[in-house]
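Combine the two chains into a complex, taking the hints into account.
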Amino acid sequence: MFQANPLRLYLACIRNTLEAAMCLQNFPCQEVERHNKPEVELKTSPELLLNPVLICRNEAEKCLIETSINSLRISLKVKQADELENILTKKFLRFLSMRAEAFQVLRRKPVQGYDISFLITNYHCEEMQKQKLIDFIIQFMEARYRERNKRVEDISEHQRKTGGYRVSETVHVKQLSCYNKFRDLFCKSGKSPLELLFTSIPTAKPESGEAGLKGARHDEE
Amino acid sequence: MAVVDVHRFAESITCHAWSPDHSMVAFCPNNNEVHIYKSVQDQWERLHVLEKHDQIVSGIDWSSKSNKIVTVSHDRNSYVWSLEGGEWVPTLVILRLNRAALCVQWGPKASYLFSHIQFPLENKFAVGSGAKTVCICYYEQENNWWVSKLIRKRHESSVTSVAWHPNNILLATTSTDGKCRVFSTFIKGVDVKDPKAGSPAESKFGEQILQLDLSYSWAFGVKWSPSGNTLAYVGHSSMIYFVDDVGPSPLAQSVAFRDLPLRDVLFISEKMVIGVGYDSNPMVFAADDTGIWSFVRYIGEKKAVSSGSSYSSQFSEAFTKFYGQSKATTANDGSESSKSRGGVHDNCINSVVPLSKAGSPKVMRFSTSGQSLIQN
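Chains S and E are the protein sequences, given in the same order.
Counting from 1, one number per residue, gives the positions in the first sequence under the UniProt record's numbering.
Counting from 1, one number per residue, gives the positions in the second sequence under the UniProt record's numbering.
Okay, chain E solo, but in the shape it has when bound (with noise of 0.2 Å):
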């Protein structure tokens, strides 16, 4: 893997999301706006600028099928965007939250519900909160808005990251009091119920299914792997843990590396994790033949890795897409022992998000941002 691409955006970036067909970008440059930049022969320019929050907009997510974009804010708001004759127009989002909302994601593109046959989807979207709530959002068309049911109970602290489960049904989330928590997101009149699943307990809108006590310190960045089988995410004590199997009886490992915490983890491919954080360099975990998770490398240097040989055509195909915050750098006085962090980003990367083909199952790009770079 190697950085393809830099662009430096802003000097700080919040949160970013790609357009369906990759070649505009949505993020926000740490402030209340939402900057929509398109790419024109190698040059980035400014199309749009949403401006409707009062606070920092603290999630942003881009829907692939209806080309819709999702952002939260931490003044308690939430708009979906839809672009109509050239311009991007909000439509409100009934949240019914008392705090500041944290992240969002989208439901799950399609579901193979019938093994063959894919339902379109992408028509509810969750978001967590600080309100230590999270909030299901679904499209009434009555009355035009976006309506949400919440999930009250079990957080015991803000919501730092949800993610949802290929099913459509199935939410994890994780809070900054440590657990990752499993929940089914059921809703009658949204949701097809699935014949062959058939549990039920999966049925109920809010029910825990599972509860992870695995990190003894604040919990970031859940994500499922692409077949839904299995689980991972980062514990602020610089550990990572993946969850295979999740169900009734989970099997857990946690890897810790060293250096500094985490902030997102992305799922490469079934057997590839990615993870990203204060490092500022990217890290690649990965699961051998035996199910085993640890860390191979960073992306930034170039040291040989020894297990190489069968992950090296994973590498070759894969590109993330990575966000992370930047500062200008000042004058430095010549001071010793301040060490230089790896090579592409100056200050902690915030997210990663994925650049895959519509459709296809492996992830193949992925960039990081601050400077956003688009890795292969």
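This is chain S alone, in the form it adopts within the complex (with noise of 0.2 Å):
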């Protein structure tokens, strides 16, 4: 409960932010013709692109919002505090992204330097609401921090019941009994973290978000 208030705040923060950047419109590409791209990803006329925000919470947790005139780029780094945290934050986020076009908004690879993207383009603020894209990138990071808080001592439970392992990045990560307790938990539909993931997403087409949950498989190493 100590860190509900810093986490609000830095979550009000970015909210405001959003609402602010989130003030897209359909603009054609001024450099191919007939062509419709997000300027905040091409980056060729520096004149549509706004100043970027960097909101930190501290060195290690921050949110990077890039804005052009269709386009919005949102990279957010979380805390990890040790390896074992390393290695579940990259495993979930990774499983996310190769599932990207369930949610829409997500980007398949992360901006170099952080750990998952969104893109939201005036197509998505046309489709669904400017509020509840903001609600969803907040519910996505307010899940995010209890999930991983949930999953650490899940994890630690388990350790101490199974005698102790000692994570080590030496140990190879499929010998680890806490990784088919973590394929258990991320793979099984149903569970309720990942359904407010799945379907809480602001479409107009709610199967969309079921379809991506049915689709899930577990294809990891």
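Hints may be right or wrong, so weigh each one.
Claimed, not checked - Simulated restraints, written as ranges between beta carbons of each label pair: (1) S:Ile55 <-> E:Asp21: 49 to 57 Å; (2) S:Gln112 <-> E:Asp213: 32 to 40 Å; (3) S:Arg94 <-> E:Ile292: 55 to 63 Å; (4) E:Gln208 <-> S:Arg108: 44 to 52 Å; (5) S:Cys13 <-> E:Leu251: 37 to 45 Å.
FYI, nobody ran anything at the bench for these hints, they're computed from the structure.
Note that beta-carbon positions come from the ideal geometry of N, C-alpha and C, so glycine has one too.
Listed below in structure tokens is the structure:
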């Protein structure tokens, strides 16, 4: 609970910045005729880009918001206290990124130096409500924090019960019993935190969220 | 001012225009078609669908005198449609653009050139484009098409909005490089030189008369006041700029307002301007007797206006039309802290169009779209 207040401030700051930054409009490409590209990815016309905003909670947790005339990119970096969290975060975020189509606003690869990135274009703002998109991003971040804390607790408990494995980077991931627990926790359908993430997508077509859920495969190594 | 009428035509409307008698409306439902609806006993019926463009139609204007519709699109094309025998027939416009067209406006209806004699005009229209140029198009009788002259210089980025001065010569443009420029668009053989004005600098086509550097961010939505004395445009930094006495020594004012930026403005009278934008709630700006412009109120709110007495008569007279984007509302998960924005529109408002009676200098009605509201 001691984390709640600073977290709330951080999320409130991100929310306010997103409300100001998410003023997007349809804008055809100036470089290529008949094309319409997200200018924040293209970056060829500097006059169409706005100043990026970096919101730092501390050195390890930050949020970069880059805006342009027709698109917005949000990149998040979350804190990883130890190696275990590092592995968990990477696995989880890679799992999500591979299913980026289901999320629509998720970017397949995070921006260099960050853990996960979202790309919101004017088409998303036309189809979905701006407030709902912002709520989605904030809820995603809240869920991440909750999940991470819970996962670390579960795995520590499991470690205790199985006689205290030391998780070190030399141990191959597959041999960790906690990896199996990770697979059970994340890859089983119907788990509530993932449901939150998959079905709270603010889209007019709710079935795309369920299709994403049903289509989830674990094809990690 | 209050909302008089709400119509939900489509999910999302890019741009719209009213017919001269205000019984029909043409709009683009965020695709490559133009739909024309007619109001029949309080119901709206779709009359025509104009399908000629390949990409989204970014600008529509309906001329009042000659009943022609001009449409421009992101596919670099433009067509002038005229009603022949109940069908809309397109005429090619040679735009010579190599990028998308962003906005279009017919020239002014009439010019009071010799103080009391009205010259029927609407012989030119202007198109702003992503090719950093402005096309001024006029009709060539012998070949039965519209040709264009390009203003190639000066713009450093896409031209987002164009506005004609009532004298049919001056054209104001805004661009994503943050500047507002005024050009002369005198075309020999099409325009009549005004013997009264007699300023030689204005008689060369493409000559830049003025460049306004007021905005740090992108500029949109430029409009002239009905007399042509004042210019208003918005910047993306939540500012609106008013320029009086446009000429060699203009007087510029910047008004900063809170909340999100505007997209378009409209002069209801010489002293009152409506702004629409990302807030989904139109804003009213007014100039007091000393000429200082300020924000008055939102249209959606019922707050009492302190300086209301001098404006109330204008309020009751003024109607205008806005068009905006709407979106299908989805089921809310009951999350906290999602503010509900101003009443009628769900999403940002794209443009505002006047519904004035022909010949009258005052704008009486306006509407916004997404859903189309006719506001009193």
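Hints versus structure:
1. S:Ile55 <-> E:Asp21: 49 to 57 Å: holds, 53 Å
2. S:Gln112 <-> E:Asp213: 32 to 40 Å: Since the Cβ atoms of glutamine 112 of chain S and aspartate 213 of chain E sit about 36 Å apart, the hinted range of 32 to 40 Å holds.
3. S:Arg94 <-> E:Ile292: 55 to 63 Å: Holds: the Cβ-Cβ distance is about 58 Å, inside 55 to 63 Å.
4. E:Gln208 <-> S:Arg108: 44 to 52 Å: Holds: the Cβ-Cβ distance is about 45 Å, inside 44 to 52 Å.
5. S:Cys13 <-> E:Leu251: 37 to 45 Å: With a Cβ separation near 39 Å, cysteine 13 of chain S and leucine 251 of chain E satisfy 37 to 45 Å, so the hint holds.
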